[in-house]
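The numbering used here applies: residue 983 is where the sequence shown begins, and numbers increase by one.
The reader is advised that the hints may include incorrect statements.
List of simulated lysine-lysine pairs, DSBU-like, C-alpha gap at most 30 Å [what the hints assert, rightly or not]:
{"#": "1", "residue 1": "Lys1294", "residue 2": "Lys1333"}
{"#": "2", "residue 1": "Lys1005", "residue 2": "Lys1401"}
{"#": "3", "residue 1": "Lys1234", "residue 2": "Lys1365"}
{"#": "4", "residue 1": "Lys1407", "residue 2": "Lys1234"}
Restraint-style ranges between C-beta atoms, simulated for each label pair [said to hold, decoys possible]:
{"#": "5", "residue 1": "Ala1354", "residue 2": "Ala1241", "range": "34 to 42 Å"}
{"#": "6", "residue 1": "Glu1286", "residue 2": "Asp1406", "range": "44 to 52 Å"}
{"#": "7", "residue 1": "Glu1202", "residue 2": "Ala1427", "range": "50 to 58 Å"}
{"#": "8", "residue 1": "Thr1194", "residue 2": "Gln1492", "range": "28 to 36 Å"}
{"#": "9", "residue 1": "Thr1122", "residue 2": "Gly1191", "range": "28 to 36 Å"}
{"#": "10", "residue 1": "Lys1362", "residue 2": "Lys1005", "range": "45 to 53 Å"}
{"#": "11", "residue 1": "Asn1014", "residue 2": "Arg1190", "range": "25 to 33 Å"}
{"#": "12", "residue 1": "Lys1389", "residue 2": "Tyr1033", "range": "17 to 25 Å"}
{"#": "13", "residue 1": "Thr1122", "residue 2": "Asp1440", "range": "46 to 54 Å"}
{"#": "14", "residue 1": "Pro1178", "residue 2": "Glu1003", "range": "47 to 55 Å"}
{"#": "15", "residue 1": "Asn1014", "residue 2": "Arg1131", "range": "36 to 44 Å"}
{"#": "16", "residue 1": "Ser1352", "residue 2": "Ser1432", "range": "17 to 25 Å"}
{"#": "17", "residue 1": "Gln1304", "residue 2": "Lys1248", "range": "25 to 33 Å"}
{"#": "18", "residue 1": "Lys1121", "residue 2": "Phe1431", "range": "54 to 62 Å"}
No lab work stands behind these hints: they were computed from the structure. Predicted model, so just to flag it, every value in this text is computed and none were measured. We put the beta carbon where it would ideally sit given N, CA and C, even for glycine.
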Amino acid sequence: MRVTSIELENFRSFSKIEKIELKSINVFIGANNSGKSSIIRALYLMQENAYNPYSDVRFGCGAFSVNIGVKDIIAPWRIEDPGISDGLLSIDVVSDDRRSGKVSRLMRYERSIKGRTDISAIVSRNPYNFIVPFLSRRKTSSYDENVGRKTSDHIGHDMSNLAAKLSKVSSPSFHGHDIYADSCKSILGFVLSAVPSENGQYPGIYFRGDETLTIDQMGEGVPNIACMLADLASCRDKLFLIEEPENDLHPKALKALLALIVESSKHNQFVISTHSSIVLSYLGACDDSCIYSVCHVDGSIPAESSVSLVDKTPSARLGVLQDLGYSFSDFELWDGWLILEEASAESLIVKFLIPWFVPGLKRLRTLSASGADNVDSVFKDFKNLVLFTHLEAAYKNAAWVRVDGDKKGCGIVDKLKSKFSDWDKNRFSKFEKDQFEYYYPEIFADQIFSALSQSGNDKRAAKKELLCQVMAWLDEDEERGKEALGKSAKEIIDDLRKIEGQLKELRHHQASEQRRKNG
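All chains, please: the whole structure from these sequences, using the hints.
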């Protein structure tokens, strides 16, 4: 089942919002208490035992109404005619007694052919549930050690049944086991499962043979991430309601989680609230995603909120990021990007090779991946970020990756060409020499040999010291330095000039296309 839209009236801080169209991934951003969570709470009402909606009736009103467009209706809701798969779900809540907090909730399903039919909420047990909630207050004070079927199938807004859930997904025969195990290893570094306890089983891991380490002895973010990974690995055709997925997660782990969400969105739907620029840029770069900004209406008493779709334009998306407190204005200052394997290459290219030999690239932004193993992830992060802020037209094919010419470098180039096949192949290339230090002036040949002969931390320290010596020598006499680099780094200079030509050609083509579109 999929939710296609939602409308609210007299719900919390919303007096009325017209239809909000929803896609596979829907991200809601805004300041604290702006109303982001209200959208999630309204959708959660479809499922039984979500929460008591009494407090959601807007101040001064006696009732609220939520209209949710749905399609591909799940079996329990295919009333009378299973051939009708689209319709409108109406949820009306009327306050019976403000002093007691009692409410009456009526759910109706409306179709153009059959009219309205009263229905009950969707059950909150697997596999018949529709909502998978991950709310901001999802931490639990204790874990149920009962791992029976009833416990594992329960769907709630805390993680008390985590042991039962992990016991199921940790079994090699379970259909989502491999995805869960691989995700745990890449994000947590270990596979969290259920281990024996006094009264059943408890979330934890085995180490050193039969010894166990329980989840209570792990970081605060572990329960949340493990629970979410288990559901992402096993759920199909569900609606995930996630508040602030960035909570308690290291940025690297968060990115891995977001990658899994993107993959899961092929067969699940997501409504997510966030304050994180990482979440916003990563998920906002997806094709089937939309971003909504939620904000207070100035001077409104009682509080009034509004929702607006963030346009897919550079200025609109940059504005959203700036509202989050993250400045991306510099992205509009660069003509293109050059991603390099090592900081030494970046330092020499930025300070000497471009200013001395290819000044036309002074507006080429360089990035160091700080090692061959990071090149792929740095380019991927760049692509997500740039496509989020500027979309495809601005920086498509305006980024180049250059790595050392060793065996690992060859593998990186082949991987990038295959992984990003929609980019020009010549954007990914390797230098002829297997160490960038070989492009230093010939006078440093002995020091180069000495530095590269070492290993580990000694090698890194020697390379850093050598770079400082080379840059100091170049600074002493510009003419001498230009002559030396013109010989030793000729390959790099020629490549930079080639990039300059490709960049000019790309910008000329884009300008021509824009003129054509403008008539």
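Status of each hint after checking the structure:
no.	hint	verdict
1	Lys1294 - Lys1333	36 Å, violated
2	Lys1005 - Lys1401	25 Å, holds
3	Lys1234 - Lys1365	16 Å, holds
4	Lys1407 - Lys1234	28 Å, holds
5	Ala1354 - Ala1241: 34 to 42 Å	21 Å, violated
6	Glu1286 - Asp1406: 44 to 52 Å	50 Å, holds
7	Glu1202 - Ala1427: 50 to 58 Å	53 Å, holds
8	Thr1194 - Gln1492: 28 to 36 Å	59 Å, violated
9	Thr1122 - Gly1191: 28 to 36 Å	29 Å, holds
10	Lys1362 - Lys1005: 45 to 53 Å	22 Å, violated
11	Asn1014 - Arg1190: 25 to 33 Å	44 Å, violated
12	Lys1389 - Tyr1033: 17 to 25 Å	57 Å, violated
13	Thr1122 - Asp1440: 46 to 54 Å	48 Å, holds
14	Pro1178 - Glu1003: 47 to 55 Å	49 Å, holds
15	Asn1014 - Arg1131: 36 to 44 Å	40 Å, holds
16	Ser1352 - Ser1432: 17 to 25 Å	23 Å, holds
17	Gln1304 - Lys1248: 25 to 33 Å	32 Å, holds
18	Lys1121 - Phe1431: 54 to 62 Å	57 Å, holds
Checked against the numbered hints above, the structure breaks hints 1, 5, 8, 10, 11 and 12 and satisfies the rest.
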